[in-house]
Each structure stands twice: as structure tokens, then as C-alpha cells.
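Engineer: Note that the protein sequences, when read in sequence, are chains A and B. Per the working numbering, the first sequence starts with residue 20, numbered consecutively. Per the working numbering, the second sequence starts with residue 20, numbered consecutively.
Just so you know, these hints were derived from the structure itself, not from any lab. Hints are supplied without guarantee of correctness; some may be wrong.
No copy labels: a pair is met if it fits in one copy or bridges any two.
Under the rule of at most 27 Å between Cα atoms (straight-line distance), these lysine-lysine pairs were calculated in the DSS-like manner [what the hints assert, rightly or not]: (1) Lys220 x Lys182; (2) Lys224 x Lys195; (3) Lys156 x Lys116; (4) Lys96 x Lys182.
2 protein chains.
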Amino acid sequence: MSAVELLKKAVEFDEAGRHMEAMKLYEEGAEGLATIAKNESNAAAKTHYETKVREYRDRAKILKEKYVRMSSKGEIKDKIHIVEDSMGHSYQSLFGKYLNDVVEEITVEEPYLREHFQLTNLVMFCELAVTSCRNLKFINVTTCPTEGVDQIDAFKQLKDSLKRTRGINLSVEFSKTTHDRQIILSNGYIIKIGRGLNYFKRAEKYSLGIYNFDFRECRETNVDIFFCPENIK
Amino acid sequence: MSAVELLKKAVEFDEAGRHMEAMKLYEEGAEGLATIAKNESNAAAKTHYETKVREYRDRAKILKEKYVRMSSKGEIKDKIHIVEDSMGHSYQSLFGKYLNDVVEEITVEEPYLREHFQLTNLVMFCELAVTSCRNLKFINVTTCPTEGVDQIDAFKQLKDSLKRTRGINLSVEFSKTTHDRQIILSNGYIIKIGRGLNYFKRAEKYSLGIYNFDFRECRETNVDIFFCPENIK
Numbered sequence: 020m021s022a023v024e025l026l027k028k029a030v031e032f033d034e035a036g037r038h039m040e041a042m043k044l045y046e047e048g049a050e051g052l053a054t055i056a057k058n059e060s061n062a063a064a065k066t067h068y069e070t071k072v073r074e075y076r077d078r079a080k081i082l083k084e085k086y087v088r089m090s091s092k093g094e095i096k097d098k099i100h101i102v103e104d105s106m107g108h109s110y111q112s113l114f115g116k117y118l119n120d121v122v123e124e125i126t127v128e129e130p131y132l133r134e135h136f137q138l139t140n141l142v143m144f145c146e147l148a149v150t151s152c153r154n155l156k157f158i159n160v161t162t163c164p165t166e167g168v169d170q171i172d173a174f175k176q177l178k179d180s181l182k183r184t185r186g187i188n189l190s191v192e193f194s195k196t197t198h199d200r201q202i203i204l205s206n207g208y209i210i211k212i213g214r215g216l217n218y219f220k221r222a223e224k225y226s227l228g229i230y231n232f233d234f235r236e237c238r239e240t241n242v243d244i245f246f247c248p249e250n251i252k
Numbered sequence: 020m021s022a023v024e025l026l027k028k029a030v031e032f033d034e035a036g037r038h039m040e041a042m043k044l045y046e047e048g049a050e051g052l053a054t055i056a057k058n059e060s061n062a063a064a065k066t067h068y069e070t071k072v073r074e075y076r077d078r079a080k081i082l083k084e085k086y087v088r089m090s091s092k093g094e095i096k097d098k099i100h101i102v103e104d105s106m107g108h109s110y111q112s113l114f115g116k117y118l119n120d121v122v123e124e125i126t127v128e129e130p131y132l133r134e135h136f137q138l139t140n141l142v143m144f145c146e147l148a149v150t151s152c153r154n155l156k157f158i159n160v161t162t163c164p165t166e167g168v169d170q171i172d173a174f175k176q177l178k179d180s181l182k183r184t185r186g187i188n189l190s191v192e193f194s195k196t197t198h199d200r201q202i203i204l205s206n207g208y209i210i211k212i213g214r215g216l217n218y219f220k221r222a223e224k225y226s227l228g229i230y231n232f233d234f235r236e237c238r239e240t241n242v243d244i245f246f247c248p249e250n251i252k
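Construct the entire structure; sequences and hints are all you get.
Structural biologist: See below:
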């Protein structure tokens with residue numbers, strides 16, 4: 020995409036409330052436009068471009084600051100310690116009460132979405148989100164890329180399914196450096212699980228727990244739930 | 020097992036409320052005892068055995084009549100038509116409200132529990148039953164036998180899991196002639212689904228619906244729910 024196309028897309032996403040994606044597009048687009056400004060011989064055009072570059076960079080900065088604030092600050096609402104081998108910690112039991120009709124956008128940062136069981140955990144999370152948040156419009160996932168083709172196919176299937184079933188947009192961003200795990204809800208809640216979405220032990224093929232994860236034994240982890248009023252969109 | 024052992028077991032099951040199993044043990048045991056009576060040369064002993072045979076057969080008959088009454092009569096409480104390709108018909112959505120703390124015993128008659136997806140449907144049913152019926156003690160399944168070893172392994176895993184997790188006893192009876200599908204709850208409700216437990220279409224590997232069956236498309240079928248007050252144990 021050209022700088023102009025990137026910036027058009029950035030404005031479009033910004034207006035639609037897809038702030039994280041808009042931020043990255045503003046940055047990329049402003050970078051391209053800065054190069055154009057540098058090579059521009061007409062002084063008036065050069066000044067015009069430079070002004071626009073500043074404007075877009077400022078907007079990207081605001082969105083970035085908001086995002087950093089969203090993910091770092093906030094009042095602690097709950098702390099849960101999941102004991103090794105304990106049960107009763109499905110996503111519904113653990114944080115289902117924070118998923119409600121006010122939520123329009125969810126950001127999931129989860130580095131490990133490579134293996135089948137990790138990808139199906141994300142699907143299970145989406146099932147809960149779709150069921151609990153009747154006004155949900157966007158799910159944004161940031162994860163580490165992997166060589167396997169299954170990951171790409173899995174995201175495509177899930178994206179199609181979310182769109183078809185409830186008109187929800189799934190966007191996936193790959194980042195080699197992402198590490199922290201958190202789920203950011205647009206109603207102001209942030210859910211941080213030490214092990215991310217993947218804290219369940221494997222169930223036998225025909226045991227209780229193949230569908231209802233309250234019957235799954237868990238791996239030890241800590242859960243912190245924050246509330247950031249300034250984070251509400 | 021000898022006739023005496025069968026009859027001892029029958030009395031034990033009868034007292035524990037496992038009536039269906041007791042009925043069959045009474046019949047088998049009485050059959051064995053009748054042969055013993057026939058071959059007995061001592062007249063007093065012969066009369067004693069014959070009296071006992073009559074008593075056990077009478078008890079089996081009472082239990083059988085009760086069972087036939089349970090599965091055939093009753094006031095219709097609900098009729099639901101599931102339209103081909105419609106969604107929102109998980110077991111929870113369809114009949115979850117009839118599974119409550121009054122239920123101590125559930126009988127599932129489902130001829131087709133052979134393939135993986137059929138066996139996991141039974142596991143899903145058990146997950147719901149265990150979650151909804153806090154006083155559940157027995158789950159009795161009647162199904163057609165199959166050549167595959169998977170069926171036996173599946174029932175063993177499920178039996179162990181139910182026992183370990185909640186102390187619930189699963190008993191499975193194989194019958195080559197079973198055909199009708201029904202779920203009999205000891206609170207008086209009977210759920211009859213035309214296609215039995217297996218009315219869900221396959222989901223894609225990473226689509227909504229792999230865990231929450233309200234997102235699964237269904238095959239067309241009719242559901243009748245009866246209430247039989249005389250059926251309450």
C-alpha cells in the first residue's frame with residue numbers, strides 16, 4: 020500500500036474505533052509521507068506534507084499513549100491464584116462476569132497460538148465473548164508468528180466464522196517480540212493471566228472436561244484483573 | 020454368577036434405586052433358581068425354591084411395568100421442532116432446565132454410540148448432567164454393541180471419570196434390539212429427541228461451535244418432553 024492508502028485506512032480504522040490497528044497504520048503512513056516530503060522540490064507542497072506528517076504522528080502518539088495507559092495502569096479488582104491440578108477455572112468461571120454488553124472491542128495479547136490446543140483455546144474464548152458481549156464488534160489478536168500453516172488456516176477459519184455468525188471482525192497481528200499476556204476489554208477491564216489462555220491440562224479422550232473446561236485440571240498460575248475507567252471507549 | 024449371587028445383587032441394586040439393572044438380575048436369577056427347584060428331590064426345599072422364584076419374578080414384573088409406564092405415558096410438557104441448519108440447540112438450551120437437583124438417576128437410551136462424535140456427545144451430556152444435577156448418583160446407558168474397541172474404552176474412561184470426579188456410577192447395557200431414543204430423569208421428565216443425542220452437524224476445526232454447541236448447525240429433528248408424576252423416585 021502507498022503512504023496515502025495507509026493513511027486513508029488509518030483514518031477509517033480510527034473512526035471505527037479500531038485504535039490499535041489505526042496507530043500502526045498512522046506510523047507506517049507518516050513514514051512514507053515523510054520520504055515524499057523529503058523528495059518534494061515545490062516548497063509549498065513540501066510544507067503541506069510536513070504538516071500532515073506531524074499531524075499523523077501526533078495522532079499515532081496519542082493512541083499509543085492511550086494503549087500503554089490501558090495496559091499498565093488500573094485499579095486491581097481481583098486476584099486469583101489457580102492451584103496446580105485444581106478444577107473449576109473455565110474462562111466463564113474465571114472472568115465471565117466481566118464480559119458484558121458494554122464490550123464492543125476486545126484485544127487479546129497471547130504469544131503462544133501455535134499448537135492445536137492453543138488455537139482451540141482461542142476459539143473457546145471467542146465463543147464465550149460472542150455469547151456474553153452482545154455488542155461486540157472487534158476482536159484484535161496479537162501473537163507470535165510460526166512456521167506452521169495451521170496457524171494461518173486456523174485464523175482464517177475463525178475470522179470467517181466470527182464474521183458469518185455475528186458480523187464480528189477478527190484482526191490478527193503477528194509480532195516476534197510480543198511476550199506479555201493480557202485480555203483488554205473496551206468496558207475498562209483488563210485480565211492478566213500468567214500463563215495466558217493456556218493453563219489447562221489435557222483431558223482424556225472420553226472424560227468429563229472435553230467440552231466443559233470446569234472439569235479440566237489446571238496448571239498453577241496467577242490471575243490479576245484490573246479496572247481502568249479512563250480506558251472505556 | 021450363580022443364581023444366588025445374581026439374586027443377591029438384584030436385591031442390592033433394587034434397594035439402591037437401580038431398578039432397571041435390578042429387574043434384569045431378578046429375571047436371570049429367577050431363571051437359574053427355577054432350574055435348581057426342578058432338579059431338587061427334597062419336597063420341602065423344592066417348594067421353598069418355587070416360592071422364591073415366584074417372589075423374584077413378581078418383583079421383576081413390577082419393576083418392568085413401572086419402567087414401561089415411565090417410558091410410554093406422561094403429560095406432554097414441550098414440543099420443539101429443530102429446523103435443518105438452525106443453531107442455538109445445545110443440550111443446555113434444549114432441555115437444561117429439566118436437569119435439576121431433584122434428579123438422582125438418569126437413563127439414556129441411545130442406540131448409536133459407536134463413532135467418536137457420538138461418544139463425545141454422550142460425554143457432553145454427562146458434563147451437563149453433572150453440572151446441573153448436584154444429587155446425581157446413577158447414569159444408566161443402553162446402547163447397541165459394536166465391534167470397535169473404542170466403544171468399550173470410551174465407556175471405561177467415562178465411567179472412571181464420573182466416579183472420580185463426582186462419585187457417580189455409570190452403567191452401560193448393550194442391547195442389539197434397542198431402537199428408541201429417550202432420556203429418562205428421576206424427577207419425572209422424559210426427553211425424546213427423534214435423532215437422539217446426535218443431531219449436530221460437524222463444525223470446522225477452528226470455527227465457533229467446537230466447544231459451545233449453541234453455535235453448531237443442527238439436523239432437522241423433533242423433540243418431545245413429557246412429565247410423568249408417577250415416575251418420580
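Engineer: Against the earlier hints, flag every one the structure doesn't satisfy and list their numbers going up.
Structural biologist: 4
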